[in-house]
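These are the residues of each chain, in order.
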Amino acid sequence: MYDFEITKPGSIADAAKALGGDDAQALGGGQTLIPTLKQRLASPTTLVSLAGLSEMVGICKDDDGRLCIGGATTHAAVAADGSYPGLSGLAAHIGDPAVRNRGTIGGSLANNDPSACYPAAALGSGATIVTNAREIAADDYFKGLFETALEEGEIITEVKFPVPEKSNYQKFVQPASRFALVGVFVAKYADGVRVAVTGASEEGVHRWTAAEEALNANFSADAIAGLDAPSGDGMINDLHGSGEYRAHLVKVMTGRAVAAAA
Amino acid sequence: MPKDEGIGASSKRREDLRFLTGKGKYTDDINLQGQAYAYFIRSDVAHGKINSIDTSAAEKMPGVEQIFTAKDFEGVGGVPCGWQVTDRHGEPMQEPKHPVLAEGKVRHVGDPIAVVVADSLAEARDAAEAVEIDITELEPVLNMKDALKDGATKVHDDLTSNLCYDWGFVEENRDAVDEAIKGAHHVTTLELKNNRLVANPMEPRVAVAEYDGSTDDYTLYTTSQNPHVIRLLMGAFVLGIPEHKLRVVAPDVGGGFGAKIYHYAEEAFCTFAAKQVGRPVKWTSSRSEAFMSDAHGRDHVTKIELAMDKDGKFLAIRTDTHANMGAYLSTFAPSIPTWLHGTLMAGNYTTPLIYVNVKAVFTNTVPVDAYRGAGRPEATFQLERVVDKAAREMGIDPIELRRRNFITEFPYATPVAVEYDTGDYHATMDKLLEMSDHAGFEKRAEESKKNGKLRGFGIAHYIEACGIAPSNLVGQLGARAGLYESATVRVNATGSISVMTGSHSHGQGHETSFAQVVADMIGVDEAQIDIVHGDTSKVPMGMGTYGSRSIAVGGSAMVRATEKIINKAKKIAAHLMEASEGDIELKDGAFTVAGTDKSVAWGDVTLAAYVPHNYPLEDIEPGLEETAFYDPANFTYPSGAYGCEVEVDPETGKVTVLGFSAADDFGNIINPMIVEGQVHGGLAQGIGQALVENCAYDENGQLLSGSYMDYTMPRADDLPMFKVDHSSITPCTHNPLGVKGCGEAGAIGSPPALVSAVVDALQRGGHTNVTHIDMPLTPDRVWAAMNS
Ligand SMILES: Cc1cc2nc3c(=O)[nH]c(=O)nc-3n(C[C@H](O)[C@H](O)[C@H](O)COP(=O)(O)OP(=O)(O)OC[C@H]3O[C@@H](n4cnc5c(N)ncnc54)[C@H](O)[C@@H]3O)c2cc1C
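Residue numbers (this note's numbering), protein chains in the order written: chain A, 1 to 262; chain B, 1 to 788.
Calculated directly from the structure, the hints in this document are not laboratory data. Predicted model, so just to flag it, every value in this text is computed and none were measured. Among these hints, one or two may not hold up.
To be verified - Cut-off 30 Å, straight-line C-alpha distance, at most; resulting in silico cross-link-like pairs (DSS-like, lysine-lysine):
1. A:Lys38 x B:Lys60
2. B:Lys154 x B:Lys303
3. A:Lys166 x B:Lys453
4. A:Lys188 x A:Lys166
5. B:Lys654 x A:Lys166
All chains, full assembly: derive it from the sequences and hints.
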């Protein structure tokens, strides 16, 4: 670690101001950022802690019935909520209890690790990412590996999830990290099905449109069984699995998510 | 009947109280007045020529004491190798220099180039970033077979090639083995890899050293399995410090698994630098450093052929192995693929002719040395896997094929130079089949099938040679050390006992089990006995703990010393009771005169020894302290039958281990609970190797699995509830306790059982072309095999 300052602003406005400083960086639960600092892979001069901002912590429903989760809400809180079973199930399997009690939804979505779980839920739900400056539709938010639509210093204050009729997340774990080797989030809404895939692609989280079409016609595992697996080209190829294997898993996990959707 | 104390009792591990309450005293807990911190700058390329190192800017940084490079080590020895193997042609192995800090060239990612010593670790790291190192990258040598081709880039320019040695064993059998294979009814051939592993003890390595200029004494605290070996190697070969001026302490050590046997550059550095900078120097390995600087394990590529007659009787075995040495020779590296591997190739079978060829190869990777089992898992894996494949090819049940070839008469001299003293392989096999409910397997397999899963059962029967080792024998085989063990039993005036053992406990529970032995022999409470280890200033010269040797060799030394104590105490008791020495009996901590009701308590005798007012001073000396050095007459040969039951998900290739049973013959058992714990740990590591662990390099020699994000350690939910039995006992015939050792068995016997179980599951699922999958059997590999 290099030396840095830490501030604990009392409001989102103050946090935004603090983040305007030179080399300032937001600190959520620190589950990604602190290990990065320890390895001296980042050198912010000031960390702006968001964890204590009560405006950004908590879960409620808005007038449209959307589940609104504060950007500094922990994975454990989302796991315990239960009003969106697919989402709570996903949160319940992120890391271990220590990670879930610290790590936040805002931190996860801001980081956009290609193997992380939350991006699949946000994209698979057509969620809205609310920042201190604007609202961003999930379809416009994810821009590849560790890249998002966020501007420098922009804070995720809230994430709004339309609650589907049925949903499920299937995570096939990378055996070492236990992040997703392939994770598939399936959500069935009155106006259509969304299927989002994480862990697999070199482009990061993405929708599997062929599966969405098939499921719109027939929401059953059989509809997936009849599909070809997506192409292995452009899928991540590493120590833990080839692109072809990941592509195969996308199909298997999608089928399982549909079968398990509740 | 279970006893509550002494030999055979499951005494609770007394050391666990301090470990589990966070009160253990590990090397990193030791902080010396005024200590400085060392930070190692390591190579980030696999192979390169060092053009220049500029430390001038860094030296001016705050807190910097001194920055060291190879030029500070001119005249200092290299890190030595403790074993010299002689090749097939009678020539010694090629032995490169292993400098403390890289000289001219870096040879693996992690090779130390320079060290910053500063007031704090943060300052040392800051300064390290200001050290400018210019390296020209060279082509890395990674693939062992390519490394041996003519014209291949050399890891060491001053050697003739990348071949460390080409070893043949038993060389005189070479032609006879070839003939037997040529003429055999059937030959089963299997090519396989034994995957490279990182030991990953929970505690990373640490060294803290100080130098006292007023007396010219050095003290090194280090995470070692064998402090005397470090004192000898570092003192005599690297730094030129005589043993009486060098104290090495290995306090509580949080696991070793082999990786803490060796003498490492970092501990030599700290000892050297402490004198140079005039203050204590401390280095604590980060986990990332551990991945690239702790010696790795295994990494063999093997072809094995098994020749049989028409009834499946084994006629001959021929193996061809490439063993990775890494960039330098670690302390015991040359012995692992040779004397700890070739000698085990008979397994439990009567195969009359065996020839083992091993080519040890230098590559631009971290040095490879012993890891739990060391050579014996590699031997067991290839042998048990080829037997399994042979059973399939011959249409003989794998259990039956093994039974047909089991050795049943002991002692048994194998064609690979060792003599098994005892064993009963049918007994362990019978026990295993019972424990694992083998008879019910087919029914369970049907159930799995209904659920869309493939179930399989795999078996392995292992032998190991431990209780390492007879010194005269290992001397002939190239060891540059003896492998006896030492013990001093010091009885205090009031009867309590301190046992100083040359064995070292780093998780094995010696403080409990060793005390049980002495308590049993004398008849005093275990609580009266303290086991002292890990400090060269307290303990007589000992060789430490590895190779499942502690109870068999260290325990024997302790028994011998305790016998001397008892003999002397009897003399004192005879004097006190005015009886003849031959009539004295020791029972339950009291001396009696046979056939009388005369008795004198242990404490009275021990007090008399130190307050010799009424004492046979003309015959014996006062005091009650004895030392013994025990050199074993032979190895010990634990053996056992292991069975693994798995389920494979045919859609994803994921393997779930449903059951694992281990029926071992460890000879006599001192503490059944500790033995069971040792087997559990060994199984976890063996299943880890077979299922998840994989140390991998990319084509540039970068470590792909350099952290827990990519190197998978087995976790509790990867493992089933183990069934462990050690009731099949054929005591060792040549040591006083009749013990064989249990530390490595689990890691030796389990990998082939698991792989065979997965192959069995796939075969049953119709994938009849799958006869082997290389470890670890991760889902992607199993899936790829099913779809090949
Ligand atoms: C052992 C372990 C296992 C894990 N397993 C999983 C897993 O299985 N699946 C998974 O998805 N994740 C996993 N994670 C990651 C975990 O979910 C992290 O909590 C998460 O990725 C980051 O959230 P955080 O709140 O800790 O953010 P931090 O680490 O504090 O920050 C991460 C990044 O986001 C920025 N940031 C933080 N909060 C905000 C905000 N509100 N607005 C804008 N930017 C912000 C920071 O500046 C930083 O760049 C694991 C982590 C660990 C340590």
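Going down the list of hints, with the structure as the test:
For the given pair, Lys38 (chain A) sits about 24 Å from Lys60 (chain B) by alpha-carbon distance, which is consistent with the 30 Å threshold. At most 30 Å may separate the alpha-carbon atoms for a hinted pair to count; Lys154 (chain B) and Lys303 (chain B) meet this at roughly 25 Å. Of the supplied pair hints, the one linking Lys166 (chain A) and Lys453 (chain B) holds, its CA atoms being roughly 27 Å apart against a limit of 30 Å. A threshold of 30 Å between alpha carbons decides the hint, and for Lys188 (chain A) with Lys166 (chain A) the separation of about 5 Å falls inside it, so the pair holds.
Simply put, Lys654 (chain B) and Lys166 (chain A) have alpha-carbon atoms about 27 Å apart, close enough for the 30 Å limit, and the pair holds.
The structure shown violates none of the earlier numbered hints.
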